[in-house]
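Taken in order, these protein sequences are the chains called Z and H. So in the working numbering, spot 44 of the first sequence is number 44, and the numbers just go up one at a time. To convert, take the position in the second sequence, counting from 1, and add 252; that gives the working numbering.
Calculated directly from the structure, the hints in this document are not laboratory data. Among the clues, some could well be false.
[To be verified] Computed far set for chain Z versus chain H, every beta-carbon distance over 12 Å:
#: 1; residue: 10
#: 2; residue: 25
#: 3; residue: 40
#: 4; residue: 56
#: 5; residue: 124
#: 6; residue: 127
#: 7; residue: 129
#: 8; residue: 166
#: 9; residue: 214
#: 10; residue: 235
#: 11; residue: 236
#: 12; residue: 240
[Claimed, not checked] A few chain H residues facing chain Z, derived, Cβ under 7 Å:
#: 13; residue: 439
#: 14; residue: 452
#: 15; residue: 458
#: 16; residue: 459
#: 17; residue: 460
Glycine included, each C-beta is placed from N, C-alpha and C at the ideal position.
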Amino acid sequence: MPDTLLRAEAISKSFGPVVALQDASLELVAGEVTGLVGDNGAGKSTLVKIISGVLRPDAGSIVFDGERVDFASPAAARAGGIETVYQDLALAGNMAVWANVYLGRELTVGPPSLNILDKRTMHAKSAAMLKQFVEQVPPIDEPVESLSGGQRQIVAIARAGAWGSKLIVMDEPTAALGVAETRAVEEVIKGLRQRGLTVLVISHNLDQIFRITDRIWVLRRGRVIGSRETRMTRPEEIVSMITGATGAAGGA
Amino acid sequence: MASSREGRALSGLVRRHGLLVVFILVVGLMLAVKPTFGTYQNIVNILQQNSILGIIACGMTFAIILGGFDLSVGSVTALASVVGATAMIDIETYGIPIGIVGAFLSCLIVGAANGWLIAYLGVNPFVATLGTMTVVRGLIYVATNASPRFGVPYSFTTVGLGYILGIPVPVVIFAIVAILLGFVLHRTRFGHYVYAVGGNVVAAAEMGVNVQRVRFAVYVLVSACAALSGIILIGQTASATPQAALGYELTAIAAVIVGGASLGGGHGRMIGTIIGVFLLGVVANSLNLFGVSPFWQPVATGLILVGAVAADGFHKRGTFAHAK
Numbered sequence: 001m002p003d004t005l006l007r008a009e010a011i012s013k014s015f016g017p018v019v020a021l022q023d024a025s026l027e028l029v030a031g032e033v034t035g036l037v038g039d040n041g042a043g044k045s046t047l048v049k050i051i052s053g054v055l056r057p058d059a060g061s062i063v064f065d066g067e068r069v070d071f072a073s074p075a076a077a078r079a080g081g082i083e084t085v086y087q088d089l090a091l092a093g094n095m096a097v098w099a100n101v102y103l104g105r106e107l108t109v110g111p112p113s114l115n116i117l118d119k120r121t122m123h124a125k126s127a128a129m130l131k132q133f134v135e136q137v138p139p140i141d142e143p144v145e146s147l148s149g150g151q152r153q154i155v156a157i158a159r160a161g162a163w164g165s166k167l168i169v170m171d172e173p174t175a176a177l178g179v180a181e182t183r184a185v186e187e188v189i190k191g192l193r194q195r196g197l198t199v200l201v202i203s204h205n206l207d208q209i210f211r212i213t214d215r216i217w218v219l220r221r222g223r224v225i226g227s228r229e230t231r232m233t234r235p236e237e238i239v240s241m242i243t244g245a246t247g248a249a250g251g252a
Numbered sequence: 253m254a255s256s257r258e259g260r261a262l263s264g265l266v267r268r269h270g271l272l273v274v275f276i277l278v279v280g281l282m283l284a285v286k287p288t289f290g291t292y293q294n295i296v297n298i299l300q301q302n303s304i305l306g307i308i309a310c311g312m313t314f315a316i317i318l319g320g321f322d323l324s325v326g327s328v329t330a331l332a333s334v335v336g337a338t339a340m341i342d343i344e345t346y347g348i349p350i351g352i353v354g355a356f357l358s359c360l361i362v363g364a365a366n367g368w369l370i371a372y373l374g375v376n377p378f379v380a381t382l383g384t385m386t387v388v389r390g391l392i393y394v395a396t397n398a399s400p401r402f403g404v405p406y407s408f409t410t411v412g413l414g415y416i417l418g419i420p421v422p423v424v425i426f427a428i429v430a431i432l433l434g435f436v437l438h439r440t441r442f443g444h445y446v447y448a449v450g451g452n453v454v455a456a457a458e459m460g461v462n463v464q465r466v467r468f469a470v471y472v473l474v475s476a477c478a479a480l481s482g483i484i485l486i487g488q489t490a491s492a493t494p495q496a497a498l499g500y501e502l503t504a505i506a507a508v509i510v511g512g513a514s515l516g517g518g519h520g521r522m523i524g525t526i527i528g529v530f531l532l533g534v535v536a537n538s539l540n541l542f543g544v545s546p547f548w549q550p551v552a553t554g555l556i557l558v559g560a561v562a563a564d565g566f567h568k569r570g571t572f573a574h575a576k
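The following block holds chain H by itself, in its conformation from the complex (with noise of 0.2 Å):
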């Protein structure tokens, strides 16, 4: 009876954190057969690897939760950086704020643009922003004549590899935005309707919640994000390249996706994201540790991604089972 009641306990663990369990048993195992593993250094390489998109991935959690998507943060953190780097280049006074400001206000309008399409005129999210993607993208071509961008004075480097009481940059304000925009989603009025318009639109706007305005908003978050990734990238390479951030989006929406959130609008939680974002970046970093091509990363994230949604279909019909 009592190991009965154990095993019940611990399948409700495996039920309700199951997510976590995996990626202590991940990092538990490698620990265990890989000594550089956990080393100082390693550990520091997978944190800084996965800030960038990590920042992109905290943004589309609230997109995905809305009940859409942003395709378009990959090219929007490229936007990002080729905007600042070129003004950090080419403008010989300010040249580093110019190039912020404008890194960010270029992003802001693109972010603009997907939420006038989708909350304004109806665009489905898919169609607006695969058609941002591939128009930002394409303007940056046109732009750069598809050639990188060198020559970052040497300073801005400062935020993309230095450290801060040993710790990167870059993980530094991943940990600020994760821990800001955690609290907007779980803490605040806006992360409620956020969740409330991902779970019900019709209830929503019933009850007074203006759903436009909360869609607008979002995407123009989603943005912020990815523009705030794109000048961490100019600083981890002090130039900017047109061709940056390629899938980024599809990666980012596997790290949420795994991280418990669904397609279907109305559930997820920040901290959800951030494990799925460590998931997905330790598998990685293990396979390279045990010498495997990086080739095959890809697959292990899509392998992750079908797993994570399956074990939570299959959970899902469980609890509706015991509901009926």
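Only chain Z is shown next, with the shape it has when bound in the complex (with noise of 0.2 Å):
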């Protein structure tokens, strides 16, 4: 029996007349990379938003961890062990690499009032903790806007790794991303399914679902349709659930 991380339980948000989610329920199994596909305006963001704590639910509720959750804000989310990785890659571009794996987290030496930055321990740190992820560290002293946009996802979901969160949630990760960079933020994934960290990744590329998912949930015009184990289905399967060709099959 695996362990459930994250129970969604009759999610419903409207924004205005429209209803984008209604009585939306999922798990993520923990130590799973889950993907969560559906044509656009099916919901994906939405619901990843209200796990994240970016939006609140008009109902329904989250068990995360064992204990059921309301997050009023991205940092709580965060606080919470449920680290999202936005489109915007959330790095400044200005600092290095380094200070980005720090950010908001700083290590300081001397007096505490004074807030002086060890840079010589985050500087050997960050090295470390990148390294768990990825083979080929980015250079940790350069500014991350000198880096590829691989190498900054890179960054970015190593990160997100590093500190410890239990989830995390990614939009598209690859969307803007060439053939070789998109493998490698896909090796960076597996490796934090290797290190016993649950993922959350919305994909619209199904081969890519395929390639780094155990489970797939798809969403429908807002209603979650079901799951599928990744090695127990075809993208066929997954196409017609998306589309609404009922069962694998065919027929409406």
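Got two chains here, each in a separate frame; can you build the complex from them with the hints?
Printed below as a string of structure tokens:
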């Protein structure tokens, strides 16, 4: 019996007259990479924003790590162990890689009131932290803006993993990347799973979903259609669930 | 082959330390062609004349790295000197300390107003500080009837005209401010957050940086620097003029930009600002030594500013061409 890390129960969310989610329930199994798929407007991003504390549901509840939670903000969700890697990367391009790894969590030395940065320790530790998830650590001293898009995404994902989050949420992590960089980011996601972290990833790329996930949940028009174990299903079945051609055998 | 590697090393040096190279070239050239340039008296002159502006520029560096700037610093400098001088002239006992405290407090109120408008109300820094610049200057004219105040106790001129170990007091104060604020900018968490907010305000907020508090604190800090400059100004003239420090805001911004900071925020260093201040100062001094009319000085400042930004843009394009 696998442990459930997060359970969303009967989540509903409307924006004015538009119903984005209706009675949506899903479970994330601890230590798995879960994919969330669906057509545009199916409610994927809304569900992810509710899990990461950006939005609050109109109805329904979320149980995370055995406790019912109601995150008021992304910061609260982060403190609770849910880290979201945003598409805009949440990195300061002008600052070095190590400074981004420690952004908002700086180590200091000397008298506490002076807040003097312990650059040497942060420098050394950030390299080791990234090393857990990537074989080729991006240059620690370089400003992030000098890195490629893939390297930046890797820094952002590895930072989330390194800070001891239990669940890492990613919305289209490779949307803007080339083939080689996409593969590198996928390797990092696999590295997160090897370290025992749970991952929820939204992607439009079904090939990618089949490459990296253990389980796939399908949304359609704000409702959860169901889930499949990745190795027990085929892309055709997932596509038919997404489009509403119900059942693997077809039929409307 | 070796020569091309040397060439590349040289071009790398110029790219990374271009400002310093230009500064050393200008100073070296002046030392060679104008013997009076290198005299103790002239060096002290340059240091002294640029200290007040330099202190303002140190504060301005924070605002520009933050992605803003502060147009009110000239008015705030004048405010400090008028408030301070008035107290020193009119109050019999403890007039000097009361004047210093009063000058700082009045300026910090302006800084807090700037910070509140920009950080908490989201007013554009140009609009907010243009507003306070105009309002403060107007209030000074109203309060003084636009006439200068004379009669500051002579003892206070030590602050403006005195020497410590052969170095003018304003220069010593400037050095202390530059080292202190350089330390804050480059070695403390607060300085780190100034870069983070200037570089990517969304990322900084996501990672838990209190963006509003950082912005507020920076504008208060800029005003404190301007207040200090205004107090030194009292010491240099034993008086206060309502028209003091007109246009300092733009010269300070120019020095910071020449020093390598960008108005887009996120980039710049304290040492760059200090070299920027003295590059503009040395050029002004050189024109003076050659007997060129002082009216040419803004022309030189403007040309250096545009040249520095153009050179920076040229190098940035080069870098991108390589990265792609």
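Here is what the structure says about each hint:
no. : hint : result
1   : 10   : holds, 29 Å
2   : 25   : holds, 28 Å
3   : 40   : holds, 24 Å
4   : 56   : holds, 18 Å
5   : 124  : holds, 17 Å
6   : 127  : holds, 18 Å
7   : 129  : holds, 15 Å
8   : 166  : holds, 18 Å
9   : 214  : holds, 28 Å
10  : 235  : holds, 34 Å
11  : 236  : holds, 39 Å
12  : 240  : holds, 37 Å
13  : 439  : holds, 6 Å
14  : 452  : holds, 4 Å
15  : 458  : holds, 4 Å
16  : 459  : holds, 3 Å
17  : 460  : holds, 4 Å
When held up to the earlier numbered hints, the structure conflicts with none and fits them all.
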